[in-house]
Amino acid sequence: MNRRTLIKLLMAGAGTAMAPAWVRPAMASGGGYKALVGIMLFGGNDSFNMVLSGNADAHTDYQNARSNLALPSAELLSTGLSDQNGDALQLHPQMPELANLMAQGNTAVICNCGTLIEPITREAILAGQARLPEFLFSHNSQQIAVESGVASTKNSLGWGGRLMDMLSANAGSGFNAITPLFSLVGNRKWARSAMGNNVISAGSIPSLDALHHSPLAEGYQSLLSLPLQSAFEQELSSIQRNARTTSDTLEELLTIYPSEGNYPDNNGLASQLKTVESIIRSNALLGHGRQLFLVGMGGFDNHDDLLARHAPLMQTLSQALAAFQNSLTSLGLDQQVTTFTMSDFGRRLLSNGDGTDHGWGGNQLVMGGAVKGGAYGLWPTLALEGPDSIYNGRMIPTTSVDQVAATLSQWMGASTDQLNQLFPELYRFNSPTLDFMA
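Here the sequence shown stands for residues -19 to -1, 1 to 419, numbered as in mature numbering (1 follows the signal peptide of the UniProt record, and there is no 0).
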């Protein structure tokens, strides 16, 4: 497929009555182009060593709880953000790039959020009267819960995918072009939708190299042209044709629209976000009203050697986020793209000797030109047996991940009714959405 053919194909199906089914309703519901970029931090990020309180008494509580895992207050970075008490929030010393973004006012910290069915207290848990999410502290189960909308973990589709399906509701079948969902970390639940998604790799599109050679390609095309005897054969042939067309088209788009940002080398997350930038730029041809991307990085399950292992992870995250946001700003796209982090859970406060075990509540980040910089939710008391912790310093979330997801979904264009369908337990919270999006 050459560039002229690609442009002709895509332009024929974008921005007109033949537009893809998910373009028109997305545009109508929120106006203009918007993209949501989810970053999964696999393994459970120790986020109370990522974001910390600058209050002296709070830092003493933190030091007492963390013992040998506590970071010295003198090394922490200023953010310009304050918690609900007016106390400054600080960052891990390996995150100067993110600290600079926070000072510019386009990054929010969501304090102590996690999987919740309803608001909950330490007293209710100890009395056995609390409704707890299933399989707390389990990697796979909590990843699924975060990606699902907690009450709908049995649904094969994630809340990101279902959101995109809802935004495409009540439209005609339209032009069968590339769907606007992209995952660079495999076929994860969050980005699965009824319309399908595109599973790609950083800097490249999965393809069969053999089909780029003329004799083999012609033979493969001849096989696809054979008479089909059953509905099963017809469906399989259609899937094969669409997969190759999608692969070839995306591969060509990455060539036409290379990233323009200054991304760090040897940074896997930055490489993924560099590819995301290319696809966002290629929307000039794709014509999507909304796009959704999933990227991620691992290495956060640090039961030992936490301080040495966590520091380079924080550096990788900070440098990648800054490179991506700075590039979007230079392209004039920063108001239209919102990036946020997810993780299995936070870590417990208590040291196990050299690391931390699985926890519950933790801090997450939201970044973009439409983000109202600040701290949202309640900063907890970081004490092992304090009012906000249970079971050796596992923080009890005071904000649900569903509230964060609902706020992002609302920004993408979801109505109140759609939010309640996406997150069936949302009504239990006094503030179903937060105020971090403009």
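Keep in mind that the hints were calculated from the coordinates and are not lab data. There may be inaccurate statements among the hints.
To be verified - Using C-beta positions, here's what the derived DEER-type ranges look like:
1. D285 to I237: 44 to 52 Å
2. T102 to N243: 29 to 37 Å
3. S182 to P368: 19 to 27 Å
4. S137 to T397: 39 to 47 Å
5. N49 to E366: 18 to 26 Å
Glycine included, every Cβ here is placed at the ideal spot set by N, Cα and C.
Hint-by-hint comparison with the structure:
1. D285 to I237: 44 to 52 Å: Holds: the Cβ-Cβ distance is about 46 Å, inside 44 to 52 Å.
2. T102 to N243: 29 to 37 Å: 47 Å, violated
3. S182 to P368: 19 to 27 Å: 46 Å, violated
4. S137 to T397: 39 to 47 Å: This hint is violated: roughly 25 Å between Cβ atoms.
5. N49 to E366: 18 to 26 Å: Given about 19 Å between the Cβ atoms, the range holds.
Consistency note: the structure conflicts with the earlier hints numbered 2, 3 and 4.
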